[in-house]
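A.B. asks: Each chain, letter by letter, is given below.
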Amino acid sequence: MRRFDCLEQLARMISDQALVICNLQDTTYEWQHIRPSDGNLLRQGMALVTPVAFGLAKALPHRQVIALDGDGSILLGPGIMTTLGRYAPKNLFVLVFDNETYNSGGVIPSATAYGTSLEAMARGAGIKHAATVRSLQEFQDAVQAALNSTEMSFVVAKVDRQPVEVPRPRIDGKESKYRFVRFVEALEGRQILLADEQKSFS
Amino acid sequence: MSNALIEALAATGIDFVAAFPSSSMSETEREIEADPRFECVFASNEGEAVGICGGAWLGGKRPVLLMENSGLSMVVYQIIRLNAAFEVPLLMVMDFRGDLGDGNWWAVPFGWTTAPLLDSMRIPYAIAESPQELPGLIGRLMRTSLHSKYPTALLLRYGMELEVKHASV
Numbered sequence: 001m002r003r004f005d006c007l008e009q010l011a012r013m014i015s016d017q018a019l020v021i022c023n024l025q026d027t028t029y030e031w032q033h034i035r036p037s038d039g040n041l042l043r044q045g046m047a048l049v050t051p052v053a054f055g056l057a058k059a060l061p062h063r064q065v066i067a068l069d070g071d072g073s074i075l076l077g078p079g080i081m082t083t084l085g086r087y088a089p090k091n092l093f094v095l096v097f098d099n100e101t102y103n104s105g106g107v108i109p110s111a112t113a114y115g116t117s118l119e120a121m122a123r124g125a126g127i128k129h130a131a132t133v134r135s136l137q138e139f140q141d142a143v144q145a146a147l148n149s150t151e152m153s154f155v156v157a158k159v160d161r162q163p164v165e166v167p168r169p170r171i172d173g174k175e176s177k178y179r180f181v182r183f184v185e186a187l188e189g190r191q192i193l194l195a196d197e198q199k200s201f202s
Numbered sequence: 001m002s003n004a005l006i007e008a009l010a011a012t013g014i015d016f017v018a019a020f021p022s023s024s025m026s027e028t029e030r031e032i033e034a035d036p037r038f039e040c041v042f043a044s045n046e047g048e049a050v051g052i053c054g055g056a057w058l059g060g061k062r063p064v065l066l067m068e069n070s071g072l073s074m075v076v077y078q079i080i081r082l083n084a085a086f087e088v089p090l091l092m093v094m095d096f097r098g099d100l101g102d103g104n105w106w107a108v109p110f111g112w113t114t115a116p117l118l119d120s121m122r123i124p125y126a127i128a129e130s131p132q133e134l135p136g137l138i139g140r141l142m143r144t145s146l147h148s149k150y151p152t153a154l155l156l157r158y159g160m161e162l163e164v165k166h167a168s169v
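First to last, the sequence lines map onto chains A and B. Quick note: the first sequence, position 167, residue 167 per this note's numbering, numbers continuous. Quick note: the second sequence, position 1, residue 1 per this note's numbering, numbers continuous.
Please note: incorrect hints may appear among the correct ones.
Result set (EDC-like, lysine to aspartate or glutamate): computed pairs, CA atoms no more than 16 Å apart in a straight line [said to hold, decoys possible]: (1) Lys-90(A) <-> Glu-151(A); (2) Lys-158(A) <-> Glu-138(A); (3) Lys-174(A) <-> Glu-87(B); (4) Lys-149(B) <-> Asp-196(A); (5) Lys-158(A) <-> Asp-141(A); (6) Lys-149(B) <-> Glu-87(B); (7) Lys-149(B) <-> Glu-175(A); (8) Lys-158(A) <-> Asp-196(A); (9) Lys-174(A) <-> Asp-38(A).
If you only want the chain A side, here are some residues facing chain B, beta carbon under 8 Å, derived [unchecked claim]: (10) Gly-45; (11) Lys-58; (12) Pro-167; (13) Pro-169.
Just the calculated beta-carbon pair ranges, DEER-fashion [said to hold, decoys possible]: (14) Asp-5(A) <-> Tyr-77(B): 25 to 35 Å; (15) Pro-61(A) <-> Arg-140(B): 28 to 38 Å; (16) Phe-42(B) <-> Glu-185(A): 44 to 54 Å.
No wet-lab data here; the hints were simulated from the structure. In this text, a Cβ means the ideal position worked out from N, Cα and C, and glycines have one as well.
With the rest of the complex left out, here is chain B (with noise of 0.2 Å):
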């Protein structure tokens, strides 16, 4: 067994995560923090997360963000003031809370606000369906952010294991 999550991670060359704890990402994040490929970094909250992505980053990191997309709510002022005004790339991976099928209350208003969000700081994302599809997925949004020098954003769908028998990549 292999995390996909992680083997995508670390292939798109990868070496440091800003978290949040995210429900169903909580086991790939603690496989994280023991991975020696990665600096990892559990931030008190998603805005300060993003801060500290931006320093990994203009000290020769690549850094991404994993939290719930709870957490965008919690980064509009931090990716407008540092991401968009100096122009600082950064990759955030997401939980899809909210998506079709879940079934927690609270979590439905994060799930129609997460595109309006995302569009309104004109951040490009996808949504990947399957495991088979990170490594493509993440390389593609980590060259558009180093190269736009601007967020892009990876929602997981809802439920998604990231377990797989194989390594995908």
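Excised from the complex, chain A in its bound form (with noise of 0.2 Å):
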């Protein structure tokens, strides 16, 4: 399975407002370039992505966040789980692709290619709905599920090592921050961003 095809797939599923935190290189290049839109977070270092997608979940409740971490990423940091577990807030979709590989970093196997279970782990740390799909048709019943959902859900999804090739986004972090903290102005009809130069603090 290919991540890409599940990119298209979650793409025809979410809404135009849902925000999306992406794990960094070939996460972000296919995700911009079949859902370009500011509701992306772009090029999330390893470890924060679901850290990230928590906070801003747990500061918008009723905003859809969904997290495109991967298996390096979360096997670097692998406590979220536990906060996941304890917390679980509803509106937080967490999907993990597992491709087995620190790709970005050489193509060097991750634990996961050795039996490590990114599912089982989640289960272990409190998180309700967890699930591992392996076929497009597993990818879609488990999104579904997910979006459904009232409550927080984790999907490992199995991927294919090879990236699909596309055009890099020409944004970077800092510029993607300030799009997608526009996205959220928007959204929620007030100003984030010099926000205190309105009322004043002690």
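Join the two chains into one complex using the hints; note that each chain is given alone, in its own frame.
C.D. replies: Structure representation (structure tokens):
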């Protein structure tokens, strides 16, 4: 199964207003190509994708927040799974593309290539709705269930190592951040950047 | 009695707290968790809390990270990768373990590595000597962080009593 095909499927299933936090490199390139939107926060670092998505989901409990994470990133900061298990924000959907590899680091296998199960870790961390999918049909069913659910979901999609070649986004992380915040400001109808200039504090 | 740190955080418009258990601030952290003025999350480690604060800020919250300075060694990667690379604000408030007078042998190295770690990341910081200074320092550090879109930090002198007889703000 290719991550690209999963992402195409996902893009057809989510709202234009969904806020999506993207893992670095190929996940960012493929997703921004498929769903170009300022509602995508691009190029997030390893071990930061799901924590940032979690903080965003807690800040905006009425908005759909989706993390597009990877196996290497989750394995660098697995503690976030216990935080997800503990607080389980119902508007958060964590999707982990597990290609069993540190691809951007030079194609070195990760622990999931040797038996580590992210789904089992998630369940052990207290996450109630965790699943592993291996086909596009399973992926579609799991995403539909996650989007319809009133509880947090954690889905591990087993995907090929080889990414799909697409043009790279022409914006860096700083610009993506500004665009993302402007997107949230428009959604929410309120000011975030420089908001303190409107009201003083001590 | 009121807690000078909590009142100073609220007066600065802080409405989101990511915390890691901190021995001298444990009572404060429990009070914050029960205080409806704050959304409060305990993270499994301080680096994860940096990411959580970043996400909360993107969503329009004004977050703070509460921890001991021992957590500073745990947040270096996340601060460089998120706050420095993307220019995202963050206020950290830390107990100063290993400060003069701290009698714990293991805390001493955290004391001598704190300022060099902050300096290496070019993080502006202040040391609060008394609870009365907290509103002013936290307000200035928050404003600097929001406008520079970069972290700032406040260290609390070891042994500082945060519960005061009258609200300081």
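A.B. asks: With reference to the structure, classify each hint as holding or not holding.
C.D. replies: Here is what the structure says about each hint:
no.	hint	result
1	Lys-90(A) <-> Glu-151(A)	4 Å, holds
2	Lys-158(A) <-> Glu-138(A)	11 Å, holds
3	Lys-174(A) <-> Glu-87(B)	7 Å, holds
4	Lys-149(B) <-> Asp-196(A)	13 Å, holds
5	Lys-158(A) <-> Asp-141(A)	15 Å, holds
6	Lys-149(B) <-> Glu-87(B)	5 Å, holds
7	Lys-149(B) <-> Glu-175(A)	13 Å, holds
8	Lys-158(A) <-> Asp-196(A)	44 Å, violated
9	Lys-174(A) <-> Asp-38(A)	12 Å, holds
10	Gly-45	4 Å, holds
11	Lys-58	6 Å, holds
12	Pro-167	22 Å, violated
13	Pro-169	14 Å, violated
14	Asp-5(A) <-> Tyr-77(B): 25 to 35 Å	32 Å, holds
15	Pro-61(A) <-> Arg-140(B): 28 to 38 Å	31 Å, holds
16	Phe-42(B) <-> Glu-185(A): 44 to 54 Å	29 Å, violated
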